[in-house]
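These protein sequences, in sequence, are chains A, B and C.
Reminder that position 52 of the first sequence reads as 475 in the working numbering, one-by-one numbering, no gaps.
Reminder that position 27 of the second sequence reads as 1415 in the working numbering, one-by-one numbering, no gaps.
Reminder that position 558 of the third sequence reads as 745 in the working numbering, one-by-one numbering, no gaps.
It is possible that part of the hints are untrue.
For the chain A half of the interface with chain C, some residues (derived, Cβ under 10 Å), not all of them [said to hold, decoys possible]: (1) 474; (2) 496; (3) 622; (4) 626; (5) 646.
Simulated from the structure, these hints should not be mistaken for laboratory data.
A virtual CB, placed ideally from N, CA and C, is assigned to each residue, including glycine.
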Amino acid sequence: MKTGIVRFPGSCDEVDALEAASRVGEAVLLWHADRDLQGVDAVVVPGGFSYGDYLRPGAIARFSPVMEAVAAFAAEGGLVLGICNGFQVLCEAGLLPGALLPNTGLRFVCRQVECVVVNERTPFTRGCGAAERLSVPIKHTTGRYHAPEVVLEGMEAHGQIVLRYAPGRNPNGSERDIAGVCSEQGNVLGLMPHPEHAVDVLRGSDDGLRLFASMREHVDAARAVA
Amino acid sequence: MRARVLVRPKAGILDPQGKAVERALPALGFEGATNVRVGRLVELDVADPGDLPAMCEKLLANPLIEDYEIVA
Amino acid sequence: MSPSPTATRAAYRELGLTDSEYELICAKLGREPNGVELAMFSLMWSEHCAYKHSRKLLGRLPTEGRHVVMGPGENAGAVDVGGDLAVAFKVESHNHPSAVEPFQGAATGVGGILRDVFAIGARPIAVLDSLRFGEPAASARSRFLLDRAVAGIGHYGNSIGVPTVGGEVYFEAPYEQNCLVNAMCVGVAPRERLVRSAAAGPGNVLVLMGASTGRDGIGGASVLASAELDEADEAKRPSVQIGDPFEEKKLLECCLELLERGALVALQDLGAAGLTSSSAEMASKGGVGLEIDLARVPVREPGMEPFEIMVSESQERMLGVVEPARVDEVMAVCARWEVGAAAIGEVTSGGRLRVRRGDEVVGDLPVAALVDECPLYDLAPEPPASSPYPAPAATLDEDASLRDVLLALLASPNLASRRPLFERYDCLVQSRTVRRPAQSDAAVLALPDAGGLALSIDGNGRRVACDPYRGTVEAVLECAANLACAGAEPLGLTNCLNFGNPEKPHIAWQLERAVAGMADVCRALDVPVVGGNVSLYNEGVEGPIDPTPVVGMVGRLPDVARAGRLGFVREGDGVALVGPPYPPSLAGSELAKLRGEPLPDHLGEWDLEAVIDAIAAVAEAVREGWVVSAHDVAEGGLAVALAECCLGGGIGAQIDTGRADDPLALLFGEGPGRFVVSGSADGLEALSRRVEVLPCGTVGGQRLSIGVEPAQVDVLLDDLRQVHEGGLAAFMA
Chain A
424 MKTGIVRFPG SCDEVDALEA ASRVGEAVLL WHADRDLQGV DAVVVPGGFS YGDYLRPGAI
484 ARFSPVMEAV AAFAAEGGLV LGICNGFQVL CEAGLLPGAL LPNTGLRFVC RQVECVVVNE
544 RTPFTRGCGA AERLSVPIKH TTGRYHAPEV VLEGMEAHGQ IVLRYAPGRN PNGSERDIAG
604 VCSEQGNVLG LMPHPEHAVD VLRGSDDGLR LFASMREHVD AARAVA
Chain B
1389 MRARVLVRPK AGILDPQGKA VERALPALGF EGATNVRVGR LVELDVADPG DLPAMCEKLL
1449 ANPLIEDYEI VA
Chain C
188 MSPSPTATRA AYRELGLTDS EYELICAKLG REPNGVELAM FSLMWSEHCA YKHSRKLLGR
248 LPTEGRHVVM GPGENAGAVD VGGDLAVAFK VESHNHPSAV EPFQGAATGV GGILRDVFAI
308 GARPIAVLDS LRFGEPAASA RSRFLLDRAV AGIGHYGNSI GVPTVGGEVY FEAPYEQNCL
368 VNAMCVGVAP RERLVRSAAA GPGNVLVLMG ASTGRDGIGG ASVLASAELD EADEAKRPSV
428 QIGDPFEEKK LLECCLELLE RGALVALQDL GAAGLTSSSA EMASKGGVGL EIDLARVPVR
488 EPGMEPFEIM VSESQERMLG VVEPARVDEV MAVCARWEVG AAAIGEVTSG GRLRVRRGDE
548 VVGDLPVAAL VDECPLYDLA PEPPASSPYP APAATLDEDA SLRDVLLALL ASPNLASRRP
608 LFERYDCLVQ SRTVRRPAQS DAAVLALPDA GGLALSIDGN GRRVACDPYR GTVEAVLECA
668 ANLACAGAEP LGLTNCLNFG NPEKPHIAWQ LERAVAGMAD VCRALDVPVV GGNVSLYNEG
728 VEGPIDPTPV VGMVGRLPDV ARAGRLGFVR EGDGVALVGP PYPPSLAGSE LAKLRGEPLP
788 DHLGEWDLEA VIDAIAAVAE AVREGWVVSA HDVAEGGLAV ALAECCLGGG IGAQIDTGRA
848 DDPLALLFGE GPGRFVVSGS ADGLEALSRR VEVLPCGTVG GQRLSIGVEP AQVDVLLDDL
908 RQVHEGGLAA FMA
């Protein structure tokens, strides 16, 4: 599997994502001004503060040339993982439903959190057990997931809620404790926790590696069918 | 022409900044301020004011969570 | 030379120069300086740039050692960490700007120290900070400064993608008017890629990169950094510099790419005194001259005067020296990173700094006079007849039980959990963090080999106020002890000397004694001082701050898989106290503070050699795996250290210290060189063959029990946790 990590001006966790993705395959950086996705099998839109988070987090990045290519890639069923700022970018771009609002505490929070895998049948969670708990850090100011009630109901029905914060551990006031959601087709996932910062027990946890390994499995399986 | 766009959280969306200001005012001796909402003001020169609604819908505001108001 | 406003007596005095300094400038020039030149001299001859009251003292510090790659004088110091890697680091103050506007003051403090580190070609990999405020319970202003300074540090560090991995904060009344915000940055680079800031090669081009130049911080260095703060703070607000971490993130990546390509001859950041000091220092170090055309400097506002452009402290700017043949390449790289760049002048031979605006020469000065010929002053130290510091307000009854004393200490602002602060910092970005805040006494970062770096920053102003010499020695020992608990040995040290007005004899005495202490302990530890910063005139209307030498240390450990933890780990492990058997003393302790005791004029006795041996033994014990946890006994003494070990591991302990004539002093006395460790019986046995060890209990359960015959302290872990976690959180609502 070849994973492309988008690099915007102001991205911060792109090298971390590159290192994490490299643990399950090949990984390259994709420059924000390029439309060429270099034939990757999956795209990661990483964390950080693209364009300084000015105006609204993700609002300016979504209009970059690379995001046009990522939208087309997603429309063809390509795997797109948006982490933290990447999740915000994907919501702004309309590739995922909903929006991220400032944390109810209004402050940046960096903390290891427990997440529950709500849907283990997505390309990103197929290697996880049902209701498995993952220890992954969060670090953000704008991570309170919001979508209109009727949209949330639809998402629940379609299995689009993929990760929730463990009961009582919601760090930002997200509706229904939502930590990560996927598109209706399931090939685009956005989450506030940072799986790329949970790939080595020496640094606290390797639970995040499951997501990258799942993507690899999915790509390999799709290739085998083809 | 000079235009102003006021962007504020949609009614019903929790606005923790507004809540924080609302809590702070009585502490400073200002009683009776309620329903505080904190938004932002965008000022810009535009050639064609007719572009403003589209600019707001696409970039200046996120219609899912924010209302906007164009002030001449 | 164009006509220019005559530099009047009032003008140079306003700018902080003395009559004799002004006369010296006229003598060196053979004429009176014009307005632009006077502004430049006033900055370069300010305390901030010239260190005129401290330079002679600083010469006493040891700066050489086998690991040193770059010593004082460059933008940051650097040490060799093996594997062809160098680690660059420096701590710097941003105290006065933070007292005026804490969010931007702290944010730009971080921005400035980051630039110092990438200016020498190192990628910043960690930030630590050292903060001091007035008492939060008594002062709404201190709570405000704390909240906003922490927000500013987080804003800058988080947004630029450099983890804030450690720090310290203390609260004492003397900081009420004059808070301290010191930031330390650590960077890493291949050894051969480090660059110096010396301009070279007449004909080479000066390229100004980054943000455009506005009126920010004009007069900042000379006005903000050299005068005591007073009621006029409000009027100074417009000159506050505003930080833009997004701009700096692009600038950082751009500069590192330029250095990787070998496209820069030299690089220097623009900090205090802006273009004036960066250009003058680059020229001075290279023994060359520079010619600058202000008409080519991109400005943010129309109508900026030449002197404004020369002294502006607009943030996020760097000055590079480029060979003419590579200017196009440099411009292209800058454009790709969306970083502004302009060729604003060139290197000349002859040692003059000439400033033009178009064809008009607006300043022409000898570089040496600006940079190297500021008069240096001798201090007139004299110990004070009585302590200038009032006794702290009592917050604890004389007859409080041992249990109540322990809980009160754990809840006190100086000892309570720092979680409400460090959770506002990204400590993980860049994927090196092996020990996060509160996991170990030092932050631990992984290096590309199996080894790692341990980082700590420490200071204890109240103890230095009691005894400047011993207090400073203790601060350095504390820093080394923190590294030892992570399993590391120190490679180098950076310091920031925060003191009051050195022209006052008792402040001069504090400064002189503190530097003497630092020099002696650094020699004893064999740790060189590779860089630092001095911040003087930290006084408010009520008096000087506590003298606060802050030390940052970088150490290396061979195997990060064995990095130490502070919390107890396993049920059934033995607990032991390591350290020389001197009696702990309550003099200058946190308990003495809670009881409202006046500051004593001495601290408890200890033996430097024995302390250093204990520190080395603990580092060895952690590395060898003889112990599974190690924590130094610091503020609050043994009982607080034990509680922290329990809380850190989420597990209790049963401790018996035997008989004590003075249980309070045994449990809460302070002094350097003591540690609480835990481990298997075999491990502790191995350690006891290396150093004196007092086995004193067992890990287990959900309560901390300490027997001090005939007394007993017994507290549930939940109760400890509640007061410890709530102590600072209460002030951060």
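Consistency of the hints with the structure:
Given the 10 Å rule on beta carbons, the hint for residue 474 of chain A holds: about 7 Å separates it from the nearest Cβ of chain C. For residue 496 of chain A, the interface hint is violated, since its Cβ never comes within 10 Å of a Cβ in chain C; the closest pair sits about 24 Å apart. Annotation: interface hint on residue 622 of chain A holds; nearest CB of chain C at approximately 8 Å, less than 10 Å. Using the Cβ-Cβ criterion of 10 Å, the hint placing residue 626 of chain A at the interface with chain C is satisfied: the shortest such distance is roughly 6 Å.
Interface restraint check: residue 646 of chain A against chain C, minimum CB-CB distance 29 Å, threshold 10 Å, status violated.
In this structure, the hints that do not hold are numbers 2, 5, in rising order.
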